[in-house]
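S.K.: Sequence:
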Amino acid sequence: MPTTSRLSVALRGSEHDGWDLTAHLLAALIDAANTTTYAVAQVHSKKRLAKPEPVPRPGATTKPTRTVTVAQLAKRVRQHR
-8 MPTTSRLSVA
2 LRGSEHDGWD
12 LTAHLLAALI
22 DAANTTTYAV
32 AQVHSKKRLA
42 KPEPVPRPGA
52 TTKPTRTVTV
62 AQLAKRVRQH
72 R
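Residue numbering for the sequence shown follows the numbering used here, starting at -8 and increasing by one per position.
There may be inaccurate statements among the hints.
[What the hints assert, rightly or not] Across the chosen pairs, the derived CB separations fall in these ranges: (1) R(-3) - R67: 22 to 32 angstroms; (2) S(-4) - I21: 19 to 29 angstroms; (3) R67 - T26: 22 to 32 angstroms.
Quick caveat, the hints were computed from the structure, so don't treat them as lab data.
These numbers were taken from a predicted model, which means no experiment stands behind them.
All C-beta atoms, glycine included, are put in the ideal place defined by N, C-alpha and C.
Let the sequences and hints guide you as you build the complete structure.
M.R.: In structure tokens form, the structure reads like this:
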């Protein structure tokens, strides 16, 4: 019985997402290729390019991220010493 079947998932006590290891690895590979392509294009571009969106994963929620500079991180570290 495949590990992605509803019975296998129920016996493990997790939720069925329809993704097996191969699907997760393929999504990670696509994300890595997109990130590399973005980095190369950004280096050769005079303007700021939009970062690629990751392949949506089942059960994953997208949270807005905040960009933090190295200077901001250093300031936080100094404050907590």
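S.K.: Against this structure, judge whether each hint is valid.
M.R.: Consistency of the hints with the structure:
Range check, R(-3) to R67: about 46 angstroms between beta-carbon atoms, so the 22 to 32 angstroms window is missed. Checked against the hint of 19 to 29 angstroms, the C-beta distance between S(-4) and I21 comes to roughly 25 angstroms, which is consistent with it. As the Cβ distance of R67 to T26 is approximately 26 angstroms, the hint placing it in 22 to 32 angstroms holds.
Hint 1 from the earlier list is the only one contradicted by this structure; the remaining hints agree with it.
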